[in-house]
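Starting from the given sequences, assemble the full structure and let the hints guide the process.
Given next are the chains, with one letter for each unit.
2 protein chains.
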Amino acid sequence: MSRSNILAVDAMGGDHAPEAIIAGLDIAAERHPQARFLVFGDETRLAPLLAGSKRLRGRCDLRHTSETITGDMKPTVALRLRDSSLRRAIDSVLAGEAAGVISAGNTGALLALSKIVLKTLKGIDRPAMAATAPSARGDVVMLDLGLNVVYDARNLVEFALMGEVFARIVLGLPRPSLGLLNIGSEEGKGDEILRDAAASLRASPIGGQFHGYVEGHDIAAGTVDVVVTDGFTGNVALKTGEGALKLVGDLLRRVFTAGPFARIGYLLARGALKRLRETLDPRRYNGAVLLGLNGVVVKSHGGTDALGFAHAVDVAMDMIENDFNSRIAEGLVAMEQALLSAETVIESHG
Amino acid sequence: MSRSNILAVDAMGGDHAPEAIIAGLDIAAERHPQARFLVFGDETRLAPLLAGSKRLRGRCDLRHTSETITGDMKPTVALRLRDSSLRRAIDSVLAGEAAGVISAGNTGALLALSKIVLKTLKGIDRPAMAATAPSARGDVVMLDLGLNVVYDARNLVEFALMGEVFARIVLGLPRPSLGLLNIGSEEGKGDEILRDAAASLRASPIGGQFHGYVEGHDIAAGTVDVVVTDGFTGNVALKTGEGALKLVGDLLRRVFTAGPFARIGYLLARGALKRLRETLDPRRYNGAVLLGLNGVVVKSHGGTDALGFAHAVDVAMDMIENDFNSRIAEGLVAMEQALLSAETVIESHG
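Protein chains in written order, with the working numbering: chain W, 1 to 350; chain L, 1 to 350.
Check before you lean on any hint, since a few could be wrong.
If several chains are the same, the list does not tell them apart, and a pair holds so long as it fits within one copy or across any two.
Claimed, not checked - Listed below are the simulated PhoX-like cross-link pairs for lysine-lysine, each with C-alpha atoms no more than 25 Å apart in a straight line:
id: 1; residue 1: LYS274; residue 2: LYS246
id: 2; residue 1: LYS115; residue 2: LYS74
id: 3; residue 1: LYS119; residue 2: LYS74
id: 4; residue 1: LYS189; residue 2: LYS115
Hints are computed from structural coordinates only; laboratory data are not their basis.
In C-alpha cells:
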C-alpha cells in the first residue's frame, strides 16, 4: 500500500458525521479508483456504515478512536485530546501512513493541530488557506482565506507560488494566471507590502503569469485564475461573494413562486436554471485546503452533505496523487534565486 | 434662495455628460421640488439642454466654465485647472453658494479637490467614502470604501458615527444597527485596531445600536444596517459583491436564451424577474458619498445614465435637506465625552 494514494479521514467531524462522511467517501471512491482511506472514529458506528458500501470494501482501514472534538470546542482544549478522530488522523500523516488528512469538523482545531503536528514545509514561512470560487470564466483559486491577518510581501509571494501549483493540479490549468488583490489596478495603489510583493512576483519564475493588481469585481469576472491576498481581505471577500450569490438565489426562489405565470415559467426554464444552480452550487466549491504544511490538509464545510464531502475528497486526492508538496518544493528552488534578485530590485527602489 | 436646498452640479463629468447629467437633474427635480441647482460647464452645450426641460426652468443657475477634467487626468494635473466645471462647483460650496456638490467625473480629482478645498469637518480626523448596497433585509450602508488604507481605531469609530447619521437620513431608519467587519464574530478575532474600535463603540452613545463584529456574508444578509470597515477591505468587499451579482445576472441572461422553452419561461416570469432586476439594479445604488467634509460631496458612477444620476442627486438632496453635517456635529459632541471614558477603558485593558 503506497503512501501516495492514502488519505486519512476524520469520520466524526461535521454536522452529519459519520453518515455523510462515509457516504461521501463512497462517491469519491468511484472517481479515484486507486484511493485508499484510513478512517478514524467510533468503530461501533463506522463498521456497519463501511460494511454497507461495496465500493469501499477492501479500501478502508478502520481505526477506532475514543474521544470526540465538538464543533464549539476551543482549539486549546482540542489539542489535549490525544485519542480524538481528528488528532489520530493528523498523527497518521506525520507517521507517514497517509499523505493527507480531511475533516469536516472543528476548523480551529484542524488548523491548530495540523500546524503543530505537521509543521510548515521547508522554505515556506507561513501556511495559507485556499479555496475555489465560481467565475464567468471557470473556477478561480483564492488565498489566503483567514490564516494570515499579519503578513509581509514574502508571504504573499509564497501564497502566489502555492496557489499557482494548486491551480495547475486541482483546476488542471497548464499555465494559470495570477493577480494580487488591490483597490485599483494602477501602479501606486495599495500599501508598500503589496507593491513589494508585485515587484517580487514580476521578477520571479512565474512573473510571466503575473497579471498585476486585480480588484474585487475581477474575482467573479475570472480576470485571473489565482487571486492572491492576505487572510483578512481574502476571508471577507470570499464570504461577501458567497453572501451575494445566496441573496440572488433567495430572491430568485421568491420570483418563481410569485404567481401562477412565474411558476409555469419556472417549469419551462427548469432545465437551464438547474444548470445555473449546478454552476453556483456551494458543494462544488467545498474543500478549503491548508497549503504549506508537511502533508495535504483539507477542510470540508461542516454542514455539507455526502456530495459536498466527496468534492472535498476529490480535491485532497488530486493533491495527493499529483504530489502537491513536491511540486511546491520544486517551485521554491526556482523561486529562491529569482527572489534574491527581486529583493535587490526592491532595495534599489527603496 | 436659501443655501439649504442648493446643489452644485459638475455638468461635464461622466461618460454621457452633459446630456445624461441634465436629464438626471430633470428627473430628480420632480422628486425634490424645493431643490435648486448651480450648473457648471460649457454654456453653449448646456443652455439648449436646460431650455429643453420644463421642470428645471427657473431652478437652475448656469455658470460657464472653460476647462475640462478628463476621466484619465491625474488629480495633480486636475488640481491646476482653476476654471474646470468640477473645481468651480466645489468652490461654490466653499463660498457658501451651495450646500453640496455632485459629479460623475474623475473620482480621483473629485476626492483630491474636495478634500483640499472643503477640508475636513471639525472633530473628524479623516473623511470616508460610503455607499449603499442591496441586502435580504433592505439597503445596507457600507464605509469606508477606499479612502483610508491607513487608519486607526478612532477613524473606525468616526466612520460608524457618520454611517449611523447617513443611514438615518438617507435610508430613513430611526435607529440603524452597526457592525464592524471582521473575519469572525468571536471576541478575539481581528487585529488590535478592530478590538479597540469595538470597545470604543460599545462605550459610545450609539453603543446600544452596535451589534459587534460581522462577517462578509452578513453584508448581503442584512445582519446590520451599517457595515463599518477600513478603506481597503470595504473597497474589495463592495466590488466583490458587485462582481458576484453581475456574474449571476450574466448567467441568468444565458439561462433564458438557452432554448425555446426557457425563452417562453422567461416571458411568463418576466414581471417577477423585472422586480428582481429592479431590486438589484446598480443604478439604485449609484452615488458614493464623501462623508466628513465641510459640504455634501456625492460621486455618481461615470458610466451611469439619467436614472442613475437622478438617484445620486436624491442622495445629495436628502443629505442637504436634512442638514447632514449639523447632525454629525451633534453626534460628535455626544461622542467626545463617551470616547474619553472608552479610552480609559481601553488603556486599563492595554
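Hints the structure violates: just list their numbers, smallest first.
none
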